[in-house]
Every structure is written in C-alpha cells, then in structure tokens.
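Okay, here's what each chain looks like letter by letter:
There are 2 protein chains.
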Amino acid sequence: MKLTCSKANLLKGVNIVSKAVPSKTTMSILECILIDASTNEIKFTANDMELGIETKVEGTIAEKGIVAIDAKVFSEIVRKLPDNDVTIESDKNFQISINCEKANFHISGKSGEDFSYLPYIEKTDYLTLSQFTLKELIRQTIFSIADNENNKLMTGELFEVHNNELKVVSLDGHRISIRNVQLKEDYPDHKVIVPGKSLQEISKILSGETEDEVRIFFTGNHIVFEFDATTVVSRLIEGEYFKINQMLSSDYETKFIINKKELLSCIDRATLLVKEGDKKPIILRISDDNMEINIQSQLGSMQEDIDIEKTGKDIMIGFNPKFLIDALRVIDDENVTIYMVNPKAPCYIKDDEQKYVYLILPVNFNTAVN
Amino acid sequence: MKLTCSKANLLKGVNIVSKAVPSKTTMSILECILIDASTNEIKFTANDMELGIETKVEGTIAEKGIVAIDAKVFSEIVRKLPDNDVTIESDKNFQISINCEKANFHISGKSGEDFSYLPYIEKTDYLTLSQFTLKELIRQTIFSIADNENNKLMTGELFEVHNNELKVVSLDGHRISIRNVQLKEDYPDHKVIVPGKSLQEISKILSGETEDEVRIFFTGNHIVFEFDATTVVSRLIEGEYFKINQMLSSDYETKFIINKKELLSCIDRATLLVKEGDKKPIILRISDDNMEINIQSQLGSMQEDIDIEKTGKDIMIGFNPKFLIDALRVIDDENVTIYMVNPKAPCYIKDDEQKYVYLILPVNFNTAVN
Numbered sequence: 001m002k003l004t005c006s007k008a009n010l011l012k013g014v015n016i017v018s019k020a021v022p023s024k025t026t027m028s029i030l031e032c033i034l035i036d037a038s039t040n041e042i043k044f045t046a047n048d049m050e051l052g053i054e055t056k057v058e059g060t061i062a063e064k065g066i067v068a069i070d071a072k073v074f075s076e077i078v079r080k081l082p083d084n085d086v087t088i089e090s091d092k093n094f095q096i097s098i099n100c101e102k103a104n105f106h107i108s109g110k111s112g113e114d115f116s117y118l119p120y121i122e123k124t125d126y127l128t129l130s131q132f133t134l135k136e137l138i139r140q141t142i143f144s145i146a147d148n149e150n151n152k153l154m155t156g157e158l159f160e161v162h163n164n165e166l167k168v169v170s171l172d173g174h175r176i177s178i179r180n181v182q183l184k185e186d187y188p189d190h191k192v193i194v195p196g197k198s199l200q201e202i203s204k205i206l207s208g209e210t211e212d213e214v215r216i217f218f219t220g221n222h223i224v225f226e227f228d229a230t231t232v233v234s235r236l237i238e239g240e241y242f243k244i245n246q247m248l249s250s251d252y253e254t255k256f257i258i259n260k261k262e263l264l265s266c267i268d269r270a271t272l273l274v275k276e277g278d279k280k281p282i283i284l285r286i287s288d289d290n291m292e293i294n295i296q297s298q299l300g301s302m303q304e305d306i307d308i309e310k311t312g313k314d315i316m317i318g319f320n321p322k323f324l325i326d327a328l329r330v331i332d333d334e335n336v337t338i339y340m341v342n343p344k345a346p347c348y349i350k351d352d353e354q355k356y357v358y359l360i361l362p363v364n365f366n367t368a369v370n
Numbered sequence: 001m002k003l004t005c006s007k008a009n010l011l012k013g014v015n016i017v018s019k020a021v022p023s024k025t026t027m028s029i030l031e032c033i034l035i036d037a038s039t040n041e042i043k044f045t046a047n048d049m050e051l052g053i054e055t056k057v058e059g060t061i062a063e064k065g066i067v068a069i070d071a072k073v074f075s076e077i078v079r080k081l082p083d084n085d086v087t088i089e090s091d092k093n094f095q096i097s098i099n100c101e102k103a104n105f106h107i108s109g110k111s112g113e114d115f116s117y118l119p120y121i122e123k124t125d126y127l128t129l130s131q132f133t134l135k136e137l138i139r140q141t142i143f144s145i146a147d148n149e150n151n152k153l154m155t156g157e158l159f160e161v162h163n164n165e166l167k168v169v170s171l172d173g174h175r176i177s178i179r180n181v182q183l184k185e186d187y188p189d190h191k192v193i194v195p196g197k198s199l200q201e202i203s204k205i206l207s208g209e210t211e212d213e214v215r216i217f218f219t220g221n222h223i224v225f226e227f228d229a230t231t232v233v234s235r236l237i238e239g240e241y242f243k244i245n246q247m248l249s250s251d252y253e254t255k256f257i258i259n260k261k262e263l264l265s266c267i268d269r270a271t272l273l274v275k276e277g278d279k280k281p282i283i284l285r286i287s288d289d290n291m292e293i294n295i296q297s298q299l300g301s302m303q304e305d306i307d308i309e310k311t312g313k314d315i316m317i318g319f320n321p322k323f324l325i326d327a328l329r330v331i332d333d334e335n336v337t338i339y340m341v342n343p344k345a346p347c348y349i350k351d352d353e354q355k356y357v358y359l360i361l362p363v364n365f366n367t368a369v370n
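Each protein sequence line maps, in turn, to chains A and B.
FYI, full-length UniProt numbering numbers position 294 of the first sequence as 294, with every residue one higher than the one before it.
FYI, full-length UniProt numbering numbers position 302 of the second sequence as 302, with every residue one higher than the one before it.
No lab work stands behind these hints: they were computed from the structure.
Hints are all accurate, no fakes.
No distinction is drawn between identical chains; accordingly, a pair holds when it is met within one copy or between any pair of copies.
Each computed DSSO-like pair below joins lysine-lysine, with the alpha-carbon atoms no more than 30 Å apart:
{"hint": "1", "residue 1": "Lys275", "residue 2": "Lys197"}
{"hint": "2", "residue 1": "Lys7", "residue 2": "Lys279"}
{"hint": "3", "residue 1": "Lys275", "residue 2": "Lys19"}
{"hint": "4", "residue 1": "Lys102", "residue 2": "Lys275"}
{"hint": "5", "residue 1": "Lys322", "residue 2": "Lys80"}
{"hint": "6", "residue 1": "Lys7", "residue 2": "Lys275"}
With the rest of the complex left out, here is chain A (with noise of 0.2 Å):
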C-alpha cells in the first residue's frame, strides 16, 4: 500500500476515529486504526465493539492495500509532522513508513485481517437533524445518565421518534433529563436506547453548526449516524426503557420564576464550603419574592437571597446542590420556572412547551439547620 495525503487531512482522520479507539482492551487489534486503501478511496476506520467509525480521508493512493497501524503512535507521529504532504507505505509485512519531508518513521504494523469492520447496515430508514441540534440535545442530556454499570438500561439516553418529535431522555435515580425537538417532517417511530459513552464521543467529532446535517439510521441492534464524511455505528442497549410518563405530574404547590445565570452562581457560590464526597444539602426557603439559600458545612455556612415572582405555598426544601448546577447550566433561558409540591416530591424545572423537563429529587435535611 502506497498513500499521499495532507498532514491536515490524516490528523483530521486520525482525530475522528480515535474516538473510537478503547483505552483499555487485552485485543490489540482494537488499539489500531485500519487505513483501507484498497478501492479508489482512503477510508481509516476504528471499532471498540460497542462503537466504530469510520471516515474517508482525502488524499491519492498510488498502491492499494490496506494496513492495521496502533492508534496512539500513529496519533502522535501524524500531530508531530511538518504542516506538508505525508507518504504512508505498507510492505508485505505490513512494514510501515511514514515519510513527510526530510523526516522518516519506521514502525510495525498488523494486517487488517484480524481487524473487525463496521457491520454492514441497510440504510433506509433514517431521519436528518442539524449537527448543532444533535450537538446540543447530548449536551444537555448526558450529564444525568448512571455512571456505573448497576443498571445498564441507565447508562444510556433514550432516543425516542414520533411523528415529527424527536424525545432524547436520560435519569439515574436522582433525576430526569428530557429534551423534546421538533423534526422537519414526519418518521416511522423508534424507540431505542443509545450508549451514553457513545453519544459523548459523537458530541466530540460534531461540528456544532446549524447548517451541517447528520443523518440517523435505525437498525434491530445499532444506530448510525453519517455526517460529513464519517459514519458511526454503536451498538444499541437492549432492554425496554423507564416508563418516563408514569413518573411525571403536573401537579404543584409552589410555582416560581427566577433568574437563571443569578440562581446558578449563587449555587456555585454555596457548593465551595461542601468537600468533594461530602453529601450537604443547599436548602431553599421559598418564601413571596423572595427564595433564601442556606449551606452549613465543617467549612463554614453561606446565605444568600435571590428575588423570585411566587404563586402558590411557601416551601422549605434541600437539594443536591450538583443536581441544580447541572440542570441549570445546559439551559439557555434568561428565566427558569420550578415547580414543586412537598419537600419530598420532584421538583421540576421546564418551559411552557416543555421543550425541557429536568426532574430533581430533593433531598433530606435536618430542619434544626436554620
């Protein structure tokens, strides 16, 4: 094999699939990215078994074939290269050179043989969303999936498709996340649920911007997405989702308006005096206009007001304080609505169109605090 490409252009590549490189495997093969060059097209590819990509490099080829080389050294050969034209050469052996300018590297690589490509997807049924959209619904999502493997269904996000709705849900005991988008049109339901790890590393090779599409098939066990010129495929979880609708109510005593960037830096301001481990609660004393935060650690104690447009009961609740800033933090309103019924009921914090719902569960507090 025998391929001149841009130092950019591999580095671009190289990037993308690496995502897909496991960090810690006992397969070495998986280490690799697969450089296929044996069609008119160059096309590296990276597979963990639970997520593989798979993207084409712009470059010309003047041997074909195709070669295995270890990702990270590849990785760091290609980032540390003059900003100039790249040969890569593989022999029989699967010897392989990288030449760029006066530098020259040697280094051993494995035949794809081994290697496990993508698996072949029938692409039919499949519907499109802006980079940006998909980008910013992972966002504002992943951070309350299970970070642990007790209960797999929860270390992954639901994505959801009615008519023209596009529902991505993710929860892990102490809370919910839900993001409703509209879709351009209407598409065959689906109901699957996605690799949290896998939506994190799509995130990361998306371009954000609202006028690049990605494209998302539906498979029995994988989704695909296809943008630019990448292709993701991840293995779906298997398994029926939470009821999400039995768990929510629109019921509420206490409805309140607040500022948003006001509420979350006072939260901020709170959490200092509570230890990393240390489980203190932020206790809000919801009162007319006015909502008091108190935090009473080892460190020391904090109080502060927040003015707030009331109806409803007064109320005196704790919180997880990482659970508010969290939320908080991946909404873009200048104001937040949170309803609440009891101290020991959810609280919610969402819109009128509920384009948003994030569900908090309050905590327990030793009322003799305050």
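Add chain B to chain A, keeping to what the hints say.
For chain B alone, coordinates are given in the frame of chain A:
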C-alpha cells in the same frame, strides 16, 4: 476587624500570597493567610517557613484588627463572589463573615498570634532588575535543577553578582544551565543559592513587563524580592555551590550552526517513539553540512536530516532528547551554535557573548544501532 475591598483587589492579593501556602503541612496555621489591618494598611501574608510573601491590598479599614483565615477556603470564596465590594469582618472569637451583595459567608478564623511573620530584613544592600529579566532568567534555568533532595545544593540556583554582572546557574549532574545578564551599574559581590521552589513561585507573580522593576536584597540567610506592592522573602540554601568554572571548557573538535526551530521540532518528533521512563537516546551523526538524527525504540524507528554549517571533525554522539529539548526551548535565537569534543565529553550550546551556556552530558549508545 472590619474592612472593605473590591473583589478584584482581594483576588489579586489572595492569588499572590497563596503561592507561599504549603500544599501539605502538619501546622494548620501555615495553611492560613494572615489579614493584617492593624495599621492604616491592609496586608496579606502567607509563610511556609522557607518562602514568605506579603502584599498590600487596596481597601478601607473601618475597624483595625488581625485575623488568620484558611487560604484555600478564603481563596475559593473570593473567586466566586460577585464582582463588587466585599466586606470582611471578624469578631473577638475570630469568627469571620464575608459579605458581598446579597451573599453572606461565615467561617471560623484563627488568631494571628501563632502566625510566623516574615523575618525583619535590613534593606540596605540591593540591586535592581526589570521583572521581565528576572522572570526570563528563572524560566531559562529552572528546568535543570534536581527535583529530588538527595543533593540539596542541586535543588537551588546560584545567583552570583560581580561588578555589573549577574550570573544564574542551575545544574542537576547531567547538565548545567548558565545565564549572564548585565546590570545597569556595579554592585558589591554576592553569591547565594536560592531554592528552586521559591524561584518557581516568584516567577508566577512577576508581571514579566520590562518597565516594572524588582529590587533584590541580600542578607546572610535570606534573599528578598520587592516589586509592586509585594515582598517575597526566601530562605537561602546553605553551603558552597559547585565550582562551575572548573567544569567548563572552551576546547572543541566539532562546531556547527543549526536552525533552532528545525532541531527542536525534529527532536520533539523523535521522542514520541520513547515511552515515559524508557531511556532511549537520540543519536546525532554530524558530517559535512548535514546532521542525521536517529532514534530506535520498541515502537519503531525514526530518521531525519537537518542542514548544518559545520567546522571541525565528524562525530556521532548520543543524548537524552529531553535535555536537548529543555535547553533549546528557552533559547530565543534563530540559529544556535553547538560545540562538541568527543562522544563522551559534554557538549555546549552557547552564544558568542556567553549570555547563555548550556552544557549537556552525552549518553552512551549501542553503536550497533545504525
């Protein structure tokens, strides 16, 4: 005590003195910043017994007093306060309240009694430098101090004043870094060893501006740096520094001029084949008009040519690439001149006026490599 400062001034003061707060200590008073408003000035002090920093903070004093406050908590509170005036108040039990807009923090302080004030220094004997020059001097030499305490002298840097010259030297047994700067006037002779850690911290607070000055005072056991509203006092390392002049030689068999950036990028590329902890040398083969750089490791091999202007003998010599990189990074010249004697003798990177001299010991290499 009761005083009011802008958040910006507080933050500046806290950031400066925090450099002298030890990250680990068994004496909890050392983890504090002393707020001294007992006179007409507000002064913050921190002191880890080796390095002490005092800085004046602009603000108004409503009630005189002194209190010590945990540096980490105080610094985080100040950092997260709104950008407005901050009032700090302490009562006779050293309970401190910090108020800014609607936010109120309460934390426990300590009496200033146990706090170690900076030693009193007779400020007669000093020299003046620009902050830029001092910051540069530290950056250009600090990398070759030894980082373990086996030989205490090697953890410091020699500051030697003779007439109108300041010489700064660091060495770690494998290399020596020397910088010479011309002072504006003649000063009395001084020869002190300043702890590397102190220099690193001072360097972080120096503005780096050529028009800002720093005054350096010498006493028997301390060196004092005075600049802006800040005084930094560092203990000196006791002992006689190494006799540098006996280690240097101006004889050479090979001398060549090389583009610094090209050499640096090339070595940088070569080292990506060397895993952390792996002591693979790079091998330089210097012949007429050409230097070939070679490296071989378990990951693969790399070879690259660079044009040079050589006088004297051909030579093949091996180096720890990190030592070359460290020295080349802090030289601002476009081209550097390198002097070599033989594959076992030190090599020198130096300019004609000897503003800088970097001595690096070569390493043995297996001649079978190439």
